[in-house]
Amino acid sequence: MTSPATTAATGTMHIGELAEKTGLSLRTIRHYDEIGLLKASGRTEGGFRLYTQEDHSRLMLIRRMKPLGFSLEEMMALLKIIDTLQGGVAGSDNPDVRAELDTFIAQAVERRQKLQDQLGMADEFLEVLRTQ
Numbered sequence: 076m077t078s079p080a081t082t083a084a085t086g087t088m089h090i091g092e093l094a095e096k097t098g099l100s101l102r103t104i105r106h107y108d109e110i111g112l113l114k115a116s117g118r119t120e121g122g123f124r125l126y127t128q129e130d131h132s133r134l135m136l137i138r139r140m141k142p143l144g145f146s147l148e149e150m151m152a153l154l155k156i157i158d159t160l161q162g163g164v165a166g167s168d169n170p171d172v173r174a175e176l177d178t179f180i181a182q183a184v185e186r187r188q189k190l191q192d193q194l195g196m197a198d199e200f201l202e203v204l205r206t207q
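When we follow the numbering used here, the leftmost residue of the sequence shown carries the number 76, and every step to the right adds one.
These aren't lab readings, by the way, just hints derived from the structure by calculation. Any given hint could be a false lead.
Claimed, not checked - Calculated lysine to aspartate or glutamate pairs in the DMTMM-like style (CA-CA distance at most 25 Å, straight line):
| # | residue 1 | residue 2 |
| --- | --- | --- |
| 1 | Lys189 | Asp168 |
| 2 | Lys189 | Glu199 |
| 3 | Lys155 | Glu120 |
| 4 | Lys141 | Asp108 |
| 5 | Lys114 | Glu149 |
| 6 | Lys141 | Glu202 |
Source: prediction; values computed, not measured.
Hey, can you work out the whole structure from these sequences and the hints?
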């Protein structure tokens, strides 16, 4: 079995530590693993999932997509595009891949604007309440 000292030495962490660092539940992380959104980088001899700093970064990216309302399918598609562009995978120089990323960027900008508009409405509502 891998000890905490061993995981620290190898730069890996157990799911509980990853959950604590990201603010996500164990159940959510396990679900992401089951559907292929975030695969564990390894397993201990006892079968426990192990995650790397890269996995943590990927999970934080997923977490940042959630408030913008991206579906799990959209998240998977975007992560595939990012993997292609960052990993030198065949097709990374394909203009269609870059165009797909640009589409996601435009969607994120639009969704962010909607959130900003909603915050403005919430601020106005609070102001009305405070003046009562």
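Which numbered hints fail: 1, 3, 6
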